[in-house]
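Peer 1: Assemble chains U and Z with the ligands onto chain L, guided by the hints.
Residue numbers (my numbering), protein chains in the order written: chain L, 1 to 364; chain U, 365 to 643; chain Z, 644 to 947.
No lab work stands behind these hints, which were simulated from the structure alone.
Just so you know, not all the hints are guaranteed correct.
[What the hints assert, rightly or not] Lysine-lysine pairs mimicking DSS-like chemistry, simulated, CA-CA at most 25 Å apart:
| id | chain 1 | residue 1 | chain 2 | residue 2 |
| --- | --- | --- | --- | --- |
| 1 | U | K455 | Z | K942 |
| 2 | L | K131 | L | K110 |
| 3 | U | K420 | U | K593 |
| 4 | Z | K656 | U | K593 |
| 5 | L | K231 | L | K279 |
| 6 | L | K279 | L | K293 |
| 7 | U | K595 | U | K420 |
| 8 | U | K593 | U | K455 |
| 9 | L | K314 | L | K231 |
| 10 | U | K455 | Z | K784 |
| 11 | U | K595 | Z | K656 |
| 12 | L | K293 | L | K314 |
| 13 | Z | K656 | U | K540 |
| 14 | L | K314 | L | K288 |
| 15 | U | K410 | U | K540 |
| 16 | Z | K942 | L | K131 |
| 17 | U | K540 | U | K455 |
| 18 | U | K430 | U | K420 |
[Unchecked claim] Here are a few chain Z residues that face chain L, going by a calculated C-beta distance under 10 Å:
| id | residue |
| --- | --- |
| 19 | G664 |
| 20 | D716 |
| 21 | L718 |
| 22 | V844 |
| 23 | D846 |
| 24 | A849 |
| 25 | M850 |
| 26 | D851 |
| 27 | G853 |
| 28 | S854 |
| 29 | P856 |
| 30 | V859 |
| 31 | V863 |
| 32 | P866 |
Please read these numbers as outputs of a predicted model, since none were measured by experiment.
Heads up, the beta-carbon is just placed ideally off N, CA and C, and yes, glycines get one too.
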Amino acid sequence: MEEPFLRIEGVSKSFGAFQAVKDVNLAVGKGEIFALLGGSGCGKTTLLRMLAGFEEPTAGKIFLDGRDMAGVPPWERPIHMMFQSYAIFPHMTVEANVGYGLKHEAGLTKAGRAARVAEMLDLVQLKPFAKRRPHQISGGQRQRVALARALARQPKLLLLDEPLAALDKKLREHTQFELMSIQERTGVTFIVVTHDQEEAMTLADRIAVMDRGEVKQVGSPTEIYEFPNSKFVAGFIGSVNSFDATVVDREGPNLRLSVPGLGGAVIARDVPGAVAGQKVSLAVRPEKIQLGKERPTSPNSFQGHVKDLAYFGKDSLYRVALGDALVQAHAVNARRGDGGARIVDWDDEVWLSFEPSSAIVLVS
Amino acid sequence: MKRRSTFLMTVLGFGFAFLYIPILSMIVFSFNSSRLATVWGGFSTKWYASLFSNQKVIDALLLSLKIALVSSTIATILGTMAGIALARFTKFRGRVVFSGLVTAPLIMPEVITGISSLIFFIMLADWVGWPGARGFTTITLAHITFSMVFVSTIVNARMVQSDRAIEEAAMDLGSKPWQVLFDITLPVISPAILSGWLLAFTISLDDVVITSFTTGPGSTTLPLLIWSKVKLGVTPDINALATLMVLTVGAGVVAAGVIMFRAERRRLADERLAYRNND
Amino acid sequence: MSAGRFSRWFDRKGWAGLIIGAPYVWLLVFFFLPFLIVLSISLSTNTPTAPPFSFGGEHPVINPSAYVRILTDSLYVRAFLTSLFNAGVAALLCLLVGYPMALGLTRVSTTWRNVFLMLVILPFWTSFLLRVYAWMGLMGKNSWFNGLLTDAWNILVPMDWAVKSVPMMHSNFAVVLVMVYTYLPFMILPLYASLERLDPVLDEAAMDLGSRPAQVFRDVTLPQSVPGIIAGGMLVFIPAAGELVIPTLVGNASQPMIGRLISDEFGQARDWPMASAIAVALLVLMVVPTMLYSHFQAKAEGSK
Ligand SMILES: Nc1ncnc2c1ncn2[C@@H]1O[C@H](COP(=O)(O)OP(=O)(O)O)[C@@H](O)[C@H]1O
Ligand SMILES: [Mg+2]
Numbered sequence: 001m002e003e004p005f006l007r008i009e010g011v012s013k014s015f016g017a018f019q020a021v022k023d024v025n026l027a028v029g030k031g032e033i034f035a036l037l038g039g040s041g042c043g044k045t046t047l048l049r050m051l052a053g054f055e056e057p058t059a060g061k062i063f064l065d066g067r068d069m070a071g072v073p074p075w076e077r078p079i080h081m082m083f084q085s086y087a088i089f090p091h092m093t094v095e096a097n098v099g100y101g102l103k104h105e106a107g108l109t110k111a112g113r114a115a116r117v118a119e120m121l122d123l124v125q126l127k128p129f130a131k132r133r134p135h136q137i138s139g140g141q142r143q144r145v146a147l148a149r150a151l152a153r154q155p156k157l158l159l160l161d162e163p164l165a166a167l168d169k170k171l172r173e174h175t176q177f178e179l180m181s182i183q184e185r186t187g188v189t190f191i192v193v194t195h196d197q198e199e200a201m202t203l204a205d206r207i208a209v210m211d212r213g214e215v216k217q218v219g220s221p222t223e224i225y226e227f228p229n230s231k232f233v234a235g236f237i238g239s240v241n242s243f244d245a246t247v248v249d250r251e252g253p254n255l256r257l258s259v260p261g262l263g264g265a266v267i268a269r270d271v272p273g274a275v276a277g278q279k280v281s282l283a284v285r286p287e288k289i290q291l292g293k294e295r296p297t298s299p300n301s302f303q304g305h306v307k308d309l310a311y312f313g314k315d316s317l318y319r320v321a322l323g324d325a326l327v328q329a330h331a332v333n334a335r336r337g338d339g340g341a342r343i344v345d346w347d348d349e350v351w352l353s354f355e356p357s358s359a360i361v362l363v364s
Numbered sequence: 365m366k367r368r369s370t371f372l373m374t375v376l377g378f379g380f381a382f383l384y385i386p387i388l389s390m391i392v393f394s395f396n397s398s399r400l401a402t403v404w405g406g407f408s409t410k411w412y413a414s415l416f417s418n419q420k421v422i423d424a425l426l427l428s429l430k431i432a433l434v435s436s437t438i439a440t441i442l443g444t445m446a447g448i449a450l451a452r453f454t455k456f457r458g459r460v461v462f463s464g465l466v467t468a469p470l471i472m473p474e475v476i477t478g479i480s481s482l483i484f485f486i487m488l489a490d491w492v493g494w495p496g497a498r499g500f501t502t503i504t505l506a507h508i509t510f511s512m513v514f515v516s517t518i519v520n521a522r523m524v525q526s527d528r529a530i531e532e533a534a535m536d537l538g539s540k541p542w543q544v545l546f547d548i549t550l551p552v553i554s555p556a557i558l559s560g561w562l563l564a565f566t567i568s569l570d571d572v573v574i575t576s577f578t579t580g581p582g583s584t585t586l587p588l589l590i591w592s593k594v595k596l597g598v599t600p601d602i603n604a605l606a607t608l609m610v611l612t613v614g615a616g617v618v619a620a621g622v623i624m625f626r627a628e629r630r631r632l633a634d635e636r637l638a639y640r641n642n643d
Numbered sequence: 644m645s646a647g648r649f650s651r652w653f654d655r656k657g658w659a660g661l662i663i664g665a666p667y668v669w670l671l672v673f674f675f676l677p678f679l680i681v682l683s684i685s686l687s688t689n690t691p692t693a694p695p696f697s698f699g700g701e702h703p704v705i706n707p708s709a710y711v712r713i714l715t716d717s718l719y720v721r722a723f724l725t726s727l728f729n730a731g732v733a734a735l736l737c738l739l740v741g742y743p744m745a746l747g748l749t750r751v752s753t754t755w756r757n758v759f760l761m762l763v764i765l766p767f768w769t770s771f772l773l774r775v776y777a778w779m780g781l782m783g784k785n786s787w788f789n790g791l792l793t794d795a796w797n798i799l800v801p802m803d804w805a806v807k808s809v810p811m812m813h814s815n816f817a818v819v820l821v822m823v824y825t826y827l828p829f830m831i832l833p834l835y836a837s838l839e840r841l842d843p844v845l846d847e848a849a850m851d852l853g854s855r856p857a858q859v860f861r862d863v864t865l866p867q868s869v870p871g872i873i874a875g876g877m878l879v880f881i882p883a884a885g886e887l888v889i890p891t892l893v894g895n896a897s898q899p900m901i902g903r904l905i906s907d908e909f910g911q912a913r914d915w916p917m918a919s920a921i922a923v924a925l926l927v928l929m930v931v932p933t934m935l936y937s938h939f940q941a942k943a944e945g946s947k
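Pulled out of the complex, with its shape left as it was, chain L reads as follows (with noise of 0.2 Å):
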């Protein structure tokens, strides 16, 4: 097998008896965006600050272009790091934290380092502000600052601790999208850590959800949001609908589950490893439900009465009561009654349901 870009093989890090990170194991390509996604504490930080240099690991191994990166100082790793604090320095101008680390680069002319720090003043968009201080600056600039200045010293490897967390929402959707232009026009591989599932399905190109230390399931969006692995992962992911199940047979490509908080059985996509008379859980996603006051022809069908409805102007969302469970499901509100009136409404009786493929079985 190709050696990958980036190996993280068996990584362990422990802070006296509290295990933050464990054994981690993760293969990230070249040029990449990769995102660490997890709740708060779960050891994302503690991750990247390993891979910076910062920490050594406990246990296990990383290599970065097949070199062991083990006793290397952080001073000559190709890895840069915008920190969560963006860490600017609060003595210096724009200018200089951004030509900061290319005071370390040997060979490079004093013009030569004009050159870079105009650059990346550029590619950020800060050339205005170049003489303004710290303290002078909005913390959206401040962000792009420490952006530059990691990006100044051309490193293999960027990572982004929390880069948008600090933002309004407004601006944190501006700069999602210019991050990812500012990876594509540079090349560089990125590592980004985050604790929104959001951001980090629209930035990455995969992505490895952690909890509590672990690695949770690595892949693509889709795969994350499609296939999760876990009853963890499917439900940080998105919303979804979780039901006790038992598995009873086989079916054609699918599995057929008795699912008693559904009061029936269901016809769901086969995994691997299912066999009959296993404990499993069902998940399927709120968008996946389809909601009618007609009898639907799809196999999972069940009836049941709206609870509590929310209006979010282009869609809503339901909750339906079927037998003891509650059950979510939203719809895009594409067409409305006569005189305008809602199709569906409170305590209207309803039909539910789902395709075998939205029928998620997790194992675990």
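Peer 2: Quick look at chains U and Z with the ligands alone, frame taken from chain L:
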């Protein structure tokens, strides 16, 4: 990331040796039986005995304590007012002069303060016939003046940190500004006021230069007594006196430090508990 | 004024006036007024025949002769230079010793930090006079410390240079040494305060950008601690330059410092105008620049 450098730790070690070896040496030689204060001649506690039977030392100590008690208390009241004024009243006529007056004594060489106080008291006696004789009153007045600015610095620092919103909340609930001062502000800054008082007390108890200028015949404070003796050279009974003073103050500071440290740790533990219970 | 109007006035303005007024008036009377008197006396004529503790000269007049003497008499010029030199060297040495100590304090665990900080502050609470006195014991001819130094010296240098004891007492060396000893905490504390505020992430950022620890210190730590260096330097330099106790006890009487001179002019020569003029000169030379500096510094901070 380990950030402890051997160099820094070595300097720290030597630095503390530099700070403490002279004091320890003084303590050791206070138990020296020899009259030559720096040549060891066997263990003895006789200098302590002679100290306790020396009425001059005891009188001087009592006078010092009296001055320190009165001056630090008045200095704390005035200094607290000044600290609050500087922190809360950002605009009043003469504020620049006022803040200058409050910082100047901090950095003023003591000789200058001492000599100007003495000349002032002499001239004042000339003009208005008061103070008749220099002594307790003049020393106390001078001590109040230069120690109040230390109190105001501490109080001001604390006031700047404290949350103004709680004072505004009290006013919003119907308190008049001076009621807010007594109900809210003073209780909140009380630890700072206490440390200010302690500092003023110690400064007064320790002062030589200003006291030597403002004293008069018959008013010998403990530092003045020591001053007159050490000018003549090293004597073993001063070693004993020094040991007693260092141990008393040291025990006090260590006890205060331990109490504060414990309280801080308890507060942190409580906060952690409260945080966990909220989860 | 009726009681109601008085209480309304008090609630709105009076209480603030009281809080500002009491310390203001006190400092004007007991600090500022004495100064004006000193200033006026420095410009008056001298009457050497006046009895002690009373002033016989003419004032207020404008008689600059005391100031002229300060500038022309080499005794005063030398005293000023000696004071500035001793205080300057002491401040520099305090910085060289205190900086690594303060930096070391920020690098130990919180518990040790509290213990060490207490150890730094502790000497400050014990008698200043006795700390000077402790060194008199150590530097004296017969002390164990002097003995150690003498032995070390005799081993290191050729036989001809051997000494019976190291002559430390009553020298500028002794003055500087004791100043460093007594003022070291004043350097460490402001330095520690400014170093402790620095964000350790900035050090990591610099390392991440290619700086070795020594470069991180030069580029990140040192420039950001300049306010602490200046504060500590002033806290040591100014009182040291005006120091009276240390030069009196361990200094060289033939090379007096300004503090000693002021005291002697006043007490022994009974030359009030001269003593006052030296005091004013010391003030103009050091205290005024310091206060102006901190005033503008505070303004610059405020405008951030
Ligand atoms: N230097 C350290 N010493 C002890 N515990 C640490 C240290 N750094 C991180 N931790 C702990 O490790 C866990 C993971 O932290 P971190 O990697 O910062 O999480 P996040 O995913 O939010 O970035 C947290 O519980 C944190 O308290
Ligand atoms: Mg983090």
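Peer 1: Work down the list of hints and note, for each, if the structure agrees.
Peer 2: Now the hints, each set against the structure:
1. At most 25 Å may separate the alpha-carbon atoms for a hinted pair to count; K455 (chain U) and K942 (chain Z) meet this at roughly 15 Å.
2. Distance check on the hinted pair: K131 (chain L) and K110 (chain L) sit about 17 Å apart at the alpha-carbon level, within 25 Å; holds.
3. Restraint check for K420 (chain U) and K593 (chain U): satisfied, since their Cα atoms lie roughly 12 Å apart, inside the 25 Å limit.
4. Between K656 (chain Z) and K593 (chain U) the alpha-carbon distance is near 53 Å, which puts this suggested pair outside the 25 Å criterion.
5. Proposed proximity of K231 (chain L) and K279 (chain L) is supported: the alpha carbons are some 13 Å apart, at most 25 Å.
6. Proximity of K279 (chain L) to K293 (chain L) is assessed by CA-CA distance (about 33 Å); at most 25 Å being required, the pair is judged violated.
7. For the proposed pair K595 (chain U) and K420 (chain U), the alpha carbon gap of about 17 Å is at most 25 Å, so the pair holds.
8. Of the supplied pair hints, the one linking K593 (chain U) and K455 (chain U) is violated, its CA atoms being roughly 50 Å apart against a limit of 25 Å.
9. Between K314 (chain L) and K231 (chain L) the CA atoms are separated by roughly 29 Å; this puts the pair beyond 25 Å, and the hint is violated.
10. Distance check on the hinted pair: K455 (chain U) and K784 (chain Z) sit about 59 Å apart at the alpha-carbon level, beyond 25 Å; violated.
11. Taking the CA atoms of K595 (chain U) and K656 (chain Z), the gap is about 53 Å. The hint is violated against a cut of 25 Å.
12. Restraint check: the Cα-Cα separation between K293 (chain L) and K314 (chain L) comes to about 20 Å, which is no more than 25 Å; the hinted pair holds.
13. Restraint check for K656 (chain Z) and K540 (chain U): the C-alpha separation of about 11 Å stays at or below 25 Å, so the hint holds.
14. Using a Cα cut-off of 25 Å, the hinted pair K314 (chain L) and K288 (chain L) holds, with the two alpha carbons roughly 16 Å apart.
15. Distance check on the hinted pair: K410 (chain U) and K540 (chain U) sit about 62 Å apart at the alpha-carbon level, beyond 25 Å; violated.
16. With a C-alpha separation of about 22 Å, the suggested pairing of K942 (chain Z) with K131 (chain L) holds against the 25 Å cut-off.
17. At most 25 Å may separate the alpha-carbon atoms for a hinted pair to count; K540 (chain U) and K455 (chain U) meet this at roughly 20 Å.
18. About 15 Å separates the Cα atoms of K430 (chain U) and K420 (chain U), which keeps this hinted pair within 25 Å; it holds.
19. Checking G664 (chain Z) against chain L by beta carbon gives a least distance of about 37 Å; that is not within 10 Å, so the hint is violated.
20. Taking 10 Å as the C-beta contact cut-off toward chain L, the hint placing D716 (chain Z) at the interface is violated, the least distance being around 46 Å.
21. Interface restraint check for L718 (chain Z): the shortest CB-CB distance to chain L comes to about 45 Å, outside 10 Å, so the restraint is violated.
22. Given the 10 Å rule on beta carbons, the hint for V844 (chain Z) holds: about 4 Å separates it from the nearest Cβ of chain L.
23. The interface hint given for D846 (chain Z) holds, since its Cβ lies 9 Å from the closest Cβ of chain L, which is under the 10 Å cut-off.
24. Annotation: A849 (chain Z) was flagged as interfacial toward chain L, and the flag holds, the nearest CB pair being 7 Å apart, inside 10 Å.
25. For M850 (chain Z), the interface hint holds, since its Cβ comes within 10 Å of a Cβ in chain L; the closest pair sits about 4 Å apart.
26. For D851 (chain Z), the interface hint holds, since its Cβ comes within 10 Å of a Cβ in chain L; the closest pair sits about 5 Å apart.
27. This hint holds: G853 (chain Z) has a C-beta 4 Å from the nearest C-beta of chain L, less than the 10 Å allowed.
28. A hinted interface residue such as S854 (chain Z) counts as satisfied when its beta carbon comes closer than 10 Å to some beta carbon of chain L; here the least separation is about 6 Å, so the hint holds.
29. Restraint check, P856 (chain Z) versus chain L: the minimum CB separation of about 9 Å is within 10 Å; hint holds.
30. For V859 (chain Z), the interface hint holds, since its Cβ comes within 10 Å of a Cβ in chain L; the closest pair sits about 9 Å apart.
31. Interface restraint check: V863 (chain Z) against chain L, minimum CB-CB distance 6 Å, threshold 10 Å, status holds.
32. A least Cβ separation of about 5 Å between P866 (chain Z) and chain L falls short of the 10 Å threshold, and the interface hint therefore holds.
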